[in-house]
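Respectively, the protein sequence lines represent chains D and X. Counting in the working numbering, the first sequence runs from 1 upward without gaps. Counting in the working numbering, the second sequence runs from 1 upward without gaps.
By construction, these hints were calculated from the structure, which means they are not laboratory data. These figures come from a predicted structure and were not determined experimentally. Wrong hints could be hidden among the right ones.
Said to hold, decoys possible - Below are the DSS-like pairs computed for lysine-lysine, each with C-alpha atoms no more than 25 Å apart in a straight line: (1) X:K162 with X:K173; (2) D:K37 with X:K162; (3) X:K360 with D:K39.
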Amino acid sequence: MRIDWAALGVVTVVSIMASVVFTILLAAGIRLVSAAKIKSNEGGSGTATVSLGYALLGIAGLLVLFGLYLIVPQFH
Amino acid sequence: MTELFVVITVIVVALIFDFTNGFHDSANAMAGPIATGALRPRVAVILAAVLNLVGACLSTAVAKTISGGFFDDALITAPIILAGLLGAIIWNLVTWLVGLPSSSSHALFGGLIGAVIVGAGLSSVHGWVIVSKVLLPAIVAPLVAGIAAAWCTRLAYRITRKTPSVHSNTGFKYGQAFTASMVALAHGTSDGQKTMGVITLVLIAANLQPSGTGPQLWVIITAGVAIGLGTYSGGWRIMRTMGKGIVEIETPQGAASGAATSATILASAHVGFGLSTTHVSTGSILGSGVGRDGAEVRWSVARRMMFAWLLTLPGAGLVGGLAALLSDRGVGGVVTLIVMLAVACSVIYLFSRRHQINHKNVTDSHEVLVLASATPTAYADDPRLEAPAKPKKVKRPKAKSAA
């Protein structure tokens, strides 16, 4: 039996971490952008919130681009 | 002459396998977005098909080995490959008919193993490789992806608890569309390459191509188109099981399971512990059901799927083994096999027509019916058994007159 337990462990940890990080970024970004929208509808200013929200969504987008980089063999 | 005939047959059958691979795995990427409405069914399969085609063309490294370490590479001959492909195609079609997702690579390995056993005996197969490459991943993949998806789902709901669902649904749908596209692209690079590898190997073995060279352009393009067409055709029966059958997916769940699927697939592809795309995405959907409070996971469906995964190798192996009895008997044997494949495909297709599932009704129900009589007796008085049949009878003549 030659089972690569180390690779299995790495895959487990990386998969769970990466998906959790992506989900947090996406969900928090959505929440902030939505909160800012509600605030500005009520007459307030949500500039700081909205930019933070889009920043988080942007990082999530970067994660997607990194995934793309991993998929396309010509990039590495 | 005989050899050339066998080579051409293997290429055609390899392309058919590629097609079944596409429609069997269409759901891996697109079941979630279709179930939540993030992408309309037609748009989703077109997107997945294009990405599969692009992915197949991107990755032109020859598959190093199609034996996967299960047996000696030297045992691979054109008749063995032909028998293995037949086993994989039949298994893919049968599991599609009953709407169960199962790994196309496992089916191919199973078919080849069955053919090798018939050709070279049981001792030529490395048993431990089956444990480490088939059994273990089949347990690990859904666990890892499932845990990831369950946590993600919990987090997604907790973080957006106070966000109006109009806002959160739009955001999550975008997230889902992006992650699903990544899964489709990754699928094209891994599975498109498999068929190219098979065809190239056969061409090299027949001295039609110098050894050590990569797939030729026409091989890349036809393999890419075959898997793309397969993906476009949708595999709606499997789509329904994955998008509706396991659990009702809400938008945040869809985004969470999409994230878990793509993260796990990419991690497994780049760290080197190969996991099946099918097992990963099914596990994610299951996990997203566990992670949401009040979601009803249909464990009976999950159990049936698990059985199908365990049976993939022996099932495809059995067909592959039987096919191997004929595949090295020259033109006559090969022609007989092709006729039998055509008959089997037609029969399965005709059965699927009885309870047809397509892009229009894919999300209408969670059940994939084959034969009313073949379903468990507990369902015998279930009104749902009759319901889907009636509108179809009305629809059919309409569709004909429109066409």
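Okay, the hints, checked on the actual structure:
Of the supplied pair hints, the one linking K162 of chain X and K173 of chain X holds, its CA atoms being roughly 18 Å apart against a limit of 25 Å. For the hint pairing K37 of chain D with K162 of chain X, the CA-to-CA distance comes to about 13 Å; that is within 25 Å, so the pair holds. Pair hint K360 of chain X plus K39 of chain D does not hold up; C-alpha atoms about 40 Å apart against a cutoff of 25 Å.
When the structure is compared with the earlier hints, a violation turns up for hint 3 alone.
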